[in-house]
Amino acid sequence: DAGVTQSPTHLIKTRGQQVTLRCSPKSGHDTVSWYQQALGQGPQFIFQYYEEEERQRGNFPDRFSGHQFPNYSSELNVNALLLGDSALYLCASSFGHEVGNEQFFGPGTRLTVL
Amino acid sequence: QQQVKQSPQSLIVQKGGISIINCAYENTAFDYFPWYQQFPGKGPALLIAIRPDVSEKKEGRFTISFNKSAKQFSLHIMDSQPGDSATYFCAAESSNDYKLSFGAGTTVTVRA
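Residue numbers (my numbering), protein chains in the order written: chain H, 1 to 114; chain X, 1 to 112.
Wrong hints could be hidden among the right ones.
Result set (DSS-like, lysine-lysine): computed pairs, CA atoms no more than 30 Å apart in a straight line [said to hold, decoys possible]: (1) X:99 / X:71; (2) X:99 / X:58; (3) H:13 / X:68; (4) X:42 / X:58; (5) X:58 / X:68; (6) X:71 / H:13.
Just so you know, these hints were derived from the structure itself, not from any lab.
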C-alpha cells in the first residue's frame, strides 16, 4: 500500500497564475481533506470531499476550489495566486467522514509563489 | 482565529527525560482530540488521540491528559529518545462540522 500520494512535490508559480495539485488517497479510503500549512504553523483546513462533493469548507476564499473523482482521487485548484498562498499543501484521506476516523496525510506539495 | 492554542513553541529535553506539551481550546463542541507527529519533509502522522469522556490515555511512552472543565489537554512523552525529535501538533474536531483544527505546533529536540 503506497499510502497517500501527492503530486507534484514542488511547484513554483508567479502571482496571478493558477495551479492544480493532485492527491491519491490510501487504498480503501473514500474521503479526502486538504490543508494548507504555512511555514512554522499548523495545518489549516481548506475543505473535505466525500462522494465527489465538497462536504465541509474552512475559511478560505473561492479562489480555492477542488474536485473528487469517482476513484476517490482529488484535485485542489487555486486561482489568481497571491504571495501569501506560498505554503505546503497537504492532502489527507480517511474511510468515511465521521469524527475520530483517522486521517492519513501525504507528504505534501510545496508551492512557492513569486 | 486559531481555535486550539499550543505551547511551548519549542522545547529541548535530554535523552530519558520527559517532554510536556500543552493545548487549550474554547469550543465546547470539540469531541475528539488527536496528537500528530511530523518529521521534516513528511506529512503529519497520528500519534495518539482521546475523547472527552476519559481523563487520560496511554500508549507506550506517550500519554494524553485531558481536563474537560479547564478545556485543556496535554501530551507527555516519557523516556524521550533522539528519534522523538519532531514537531508535534495537537488538534481538535467536532461532530458538528468534522473540521480538524490544529495548534501551531511544538518542535521537540531530544539531546543524546
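Okay, the hints, checked on the actual structure:
A C-alpha spacing of about 18 Å is found between residue 99 of chain X and residue 71 of chain X, which places the hinted pair at or below 30 Å, so the restraint holds. Only pairs whose Cα atoms come within 30 Å are accepted, and residue 99 of chain X paired with residue 58 of chain X is accepted, the gap being roughly 25 Å. Among the hinted pairs, residue 13 of chain H with residue 68 of chain X is inconsistent with the structure: their alpha-carbon atoms are about 45 Å apart, more than 30 Å. This hinted pair checks out: residue 42 of chain X and residue 58 of chain X have alpha carbons roughly 25 Å apart, not beyond 30 Å.
Restraint check for residue 58 of chain X and residue 68 of chain X: satisfied, since their Cα atoms lie roughly 17 Å apart, inside the 30 Å limit. Taken as a hint, the residue 71 of chain X and residue 13 of chain H pair is broken in the structure, with Cα atoms around 42 Å apart against an allowance of 30 Å.
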